[in-house]
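Chains F and X are the protein sequences, given in the same order.
Following the working numbering, the numbering of the first sequence begins with 1 at its first residue and continues without gaps.
Following the working numbering, the numbering of the second sequence begins with 1001 at its first residue and continues without gaps.
Take these hints with a grain of salt, some might be off.
Said to hold, decoys possible - Listed next, the stretches of chain F that the computed footprint assigns to chain X, with coverage defined by at least 3 CB atoms under 8 Å from CB atoms of chain X: (1) 126 to 137; (2) 236 to 250.
Said to hold, decoys possible - Label-pair restraints from in silico Cβ distances: (3) Ala1182/X to Gly296/F: 57 to 65 Å; (4) Arg1031/X to Leu130/F: 50 to 58 Å; (5) Val313/F to Ala1182/X: 45 to 53 Å; (6) Ser1154/X to Thr217/F: 39 to 47 Å; (7) Ala87/F to Asp1143/X: 40 to 48 Å; (8) Glu1152/X to Asn70/F: 20 to 28 Å; (9) Ile161/F to Asp1143/X: 24 to 32 Å; (10) Ile161/F to Gln1016/X: 34 to 42 Å; (11) Asn70/F to Asp1143/X: 34 to 42 Å.
Stated by the list, open to error - Restricting the straight-line Cα-Cα distance to at most 30 Å, the calculated cross-link-like pairs of lysine-lysine (BS3-like) are: (12) Lys1095/X to Lys1204/X; (13) Lys212/F to Lys131/F; (14) Lys98/F to Lys212/F; (15) Lys1204/X to Lys155/F; (16) Lys98/F to Lys155/F; (17) Lys212/F to Lys1095/X.
The set of hints was computed from the structure by calculation and includes no laboratory data.
This one's a predicted model, so the numbers in the text were calculated from it and none came from an experiment.
We treat Cβ as the ideally placed atom computed from N, Cα and C, and that holds for glycine.
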Amino acid sequence: MMTNSRDVEPVSLVGDEPGFDSPSMPSDAAPAPDQTVGEVPATSGPPPVTVVDRSLEAVTASGSPPRARNSWERIALGALGIAIVVAIYTAVATLGIKNNAIMPTPSRIFSTGLHNLSNGTIPDAIWASLKRVLAGYAVGSAAGIIIGTSMGWFKRIEYLISPLVEAIRPIPGLAFVPLVILWFGIGETSKVIVIAEAAFVVSVVNARAGMKEVANTYVEAAETLGASRFQVFYSVALPSAVPYLFAGLRVALAVSWATLVAAELIAAQQGLGYLLQEGSQFFQTDLVMVVIVFIGALATVMDQLLKFVQRRVTRWAEVKR
Amino acid sequence: MSMSMTSAVPVKTSEQGIAISLVDVRHEYVRTRRSDPLEALGRTSLDIARNSFVSFVGPSGCGKSTLLRIVAGLVTPTEGSVLVEGERVHGPDAKRGMVFQQDAVFPWLTVRRNVAYGPRMRGVPRRERQRAADEWISLVGLDAFAHAYPRELSGGMRKRVDLARSYAADPDVLLMDEPFGALDALTREQMQLELLRLWEERRKTVLFVTHDLEEALLLSDAVVVMTARPSRIHAVEINNFPRPRRPELRSDPAFVEARQRLDALLMSGSAHAPTSATT
C-alpha cells in the first residue's frame, strides 16, 4: 500500500483546451547556483556576537515580578484618586463656603446614611428600585439579544426589523414615559417597560454588530465540516459573538439604572429615584448624597458581577491587558 | 523519474478511479459595476485520481485558491462544473473538507471538541465522536492537550488541531489552501513531515495549494503549475518519488533537479502573463 507503483497518473488534463498553454520544456539553462560566496576575512576587532551569561544579574536586578507590582500600583492609585476628591470636598464643606444644608460634611452624610439604613428607608427604596431594574433589564436585554443575533445572521429578519430598530434607536427612552403612563398608568409596569426599552435598544445593536463581526474563516471552516446554516448560527456565530453580547449587557445595565432613576424622578411613590426627589424638595442634601452613593455602589456591584460571569464564560478568549 | 506533460492526457480508468473532475470551469470576479470583471481562473478541465496528493503552484494572485474554493463549494464558478466522486458540487459540504491558511480552529472550543465538531454536526453520538476525536488527536501527537483551549497552543499545534479536525470529519477529499503559509520556517517544515506521515498512513484525495515548491514536491504525487491571471494550467509535473518519503529526499539530486525544473516552469508561466487591463 505504501509503495507507489501506480498505473495511473494522479492528474490528467482533459480535452484539447484551446486556452491551454503549450507548456515549455524545462529549460536546461537553469541558473547555476551562485558559488562565489567570499571567504570571511579575518578581522582584528571584536567578534560581532558574543554570548554572555548574565542570568544571575538579571534575576537580582528585576526585584518583584512586574505583574504583582502593577496590580498594587493600580489599587493604590485608584484609592488615591478617590481620596483626593473626597479631601477637596471635605475641605470645601468644612470651610463653609456654601451653606452646610446644601453642602453637608462627609461625617453628616455618613450619619444620615446610617440612620436611613437602620430605619429601613434606604433598604426599602433599594428593593423597590432593584425589582424594577432587574425586571426591565432582563426582559429588554433578553429580547435584544434574541432579536439582535437573528438580525445579524438572517438577512430577511434584518430587512424586516432593522428600520424599526433604527427608528426607535435615536429616541431617548424617557421620551416614551408620557405615552407609557397614558397607556399603562403610573404603576410598576410602566417603569419596567421604559427600562426594558432602553436596555433593548443597547443590546440589540451590540448583538447585531457581534454577529456581523464573526470571522469568515470560522464560518467557512464550519461549512466545510458539514454544518448547516442554522448549525453555523448557534455553534459558530453565537459563541464567537459572546464578547459583544457581554459588552452590550454591561452597557445595557448602566443604561437601565440611568433610566430607572429618571423614571422614578417623574412618577413614583418609592424607590431610590423617588428618595432623591424627596431629598431635594426638602433640602435634605445629605440624603441626596447618600442615595447617589448607593446608586453608584449598586450599579458597580452588578457590573462587577457581570464582569465576573463574562470572564468565566469567555475564558477561551485572549486575556485582555 | 519525473516528467513534465507536454500534451493533454486522456483520462485513464483504473481501480484507482477519478475523485475530482473539473469540467470547463471558469471564474471571474465582479468588482464594481463600472470596471470589467476580473477573470481569476481561465477555462480549466482536469481529472484527479482518487487518493492522490496533488499540489497547485503558481504566481501569487493566480487563481489557485479560487480553484480550491470552487471545489469546496465556497465559490460558485461563473461557468462549468465540478464533480466530486461523481456528484456535482453545490455549496460547501462535509464531503469536501478544507484547511485554510488562517487560523480556523474555533477558539471557544477545547481541542477535543474542535476535532469532534464535524461528527457532532452530523449527529454522531457523543461517546462515538469523542472516541474518534481522541484517535485523531493522538495521531497528531496532541494527547496531552485534548482539554486545552486553542489560545494555550502554539501556531503549529493549532495547525495540527486543524488537520485532525478535517480528517475526523471524514471527507472524500481534503482541500488545503496554503495551510502552512502563516507558520515560521521551522514549524512549517515539521508540519510538512507531519502531514506527509498522516497522509501516507491514511490516504485521501488531497488538493494542496502552496507557494513552496519544495513542499509541493515533497508531499505530492503531481504538481500542477498555473500561469498568472487569468490562470490556466501551464504544466503538470508528475512526481513519482517512492513512498514513504523521508525529509532527506530534499537533497536527492533527482529532487533538486525536479525543483529546478519546476522553478523554470513557474518562471515561464509567469512570463506568459498577459499585460492587458488587469493591474
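Structure-based check of all given hints:
1. For the region 126 to 137 of chain F, the assignment as covered by chain X is violated, since 0 residues bring a beta-carbon within under 8 Å of that chain's beta-carbons and 3 are needed.
2. Counting residues of the region 236 to 250 of chain F whose CB falls under 8 Å from any CB of chain X gives 4; the rule of at least 3 is met.
3. The beta-carbon spacing between Ala1182/X and Gly296/F, approximately 47 Å, falls outside the hinted interval of 57 to 65 Å.
4. Separated by about 56 Å at the C-beta atoms, Arg1031/X and Leu130/F satisfy the suggested range of 50 to 58 Å.
5. For the pair Val313/F and Ala1182/X, the supplied restraint of 45 to 53 Å is violated, since their beta-carbon distance comes to about 29 Å.
6. Hint check: Ser1154/X to Thr217/F, Cβ distance near 19 Å, so the stated range 39 to 47 Å is violated.
7. Take Ala87/F and Asp1143/X: their Cβ atoms lie about 60 Å apart, and the range 40 to 48 Å is violated.
8. One distance hint, 20 to 28 Å for the beta-carbon pair Glu1152/X and Asn70/F, holds here, with the actual separation near 22 Å.
9. For Ile161/F paired with Asp1143/X, a C-beta distance near 48 Å fails the hint of 24 to 32 Å.
10. The supplied range of 34 to 42 Å is broken by Ile161/F and Gln1016/X, whose beta-carbon atoms lie about 54 Å from each other.
11. At roughly 36 Å, the beta carbons of Asn70/F and Asp1143/X sit within the given window of 34 to 42 Å.
12. As the CA atoms of Lys1095/X and Lys1204/X are separated by approximately 12 Å, the hinted pair is consistent with the 30 Å bound.
13. Distance check on the hinted pair: Lys212/F and Lys131/F sit about 34 Å apart at the alpha-carbon level, beyond 30 Å; violated.
14. Restraint check for Lys98/F and Lys212/F: not satisfied, since their Cα atoms lie roughly 54 Å apart, outside the 30 Å limit.
15. This hinted pair does not check out: Lys1204/X and Lys155/F have alpha carbons roughly 37 Å apart, beyond 30 Å.
16. Between Lys98/F and Lys155/F the alpha-carbon distance is near 60 Å, which puts this suggested pair outside the 30 Å criterion.
17. Our distance criterion of 30 Å between C-alpha atoms is met by Lys212/F and Lys1095/X, whose separation comes to about 27 Å.
Checked against the numbered hints given earlier, this structure breaks hints 1, 3, 5, 6, 7, 9, 10, 13, 14, 15, 16; the rest are met.
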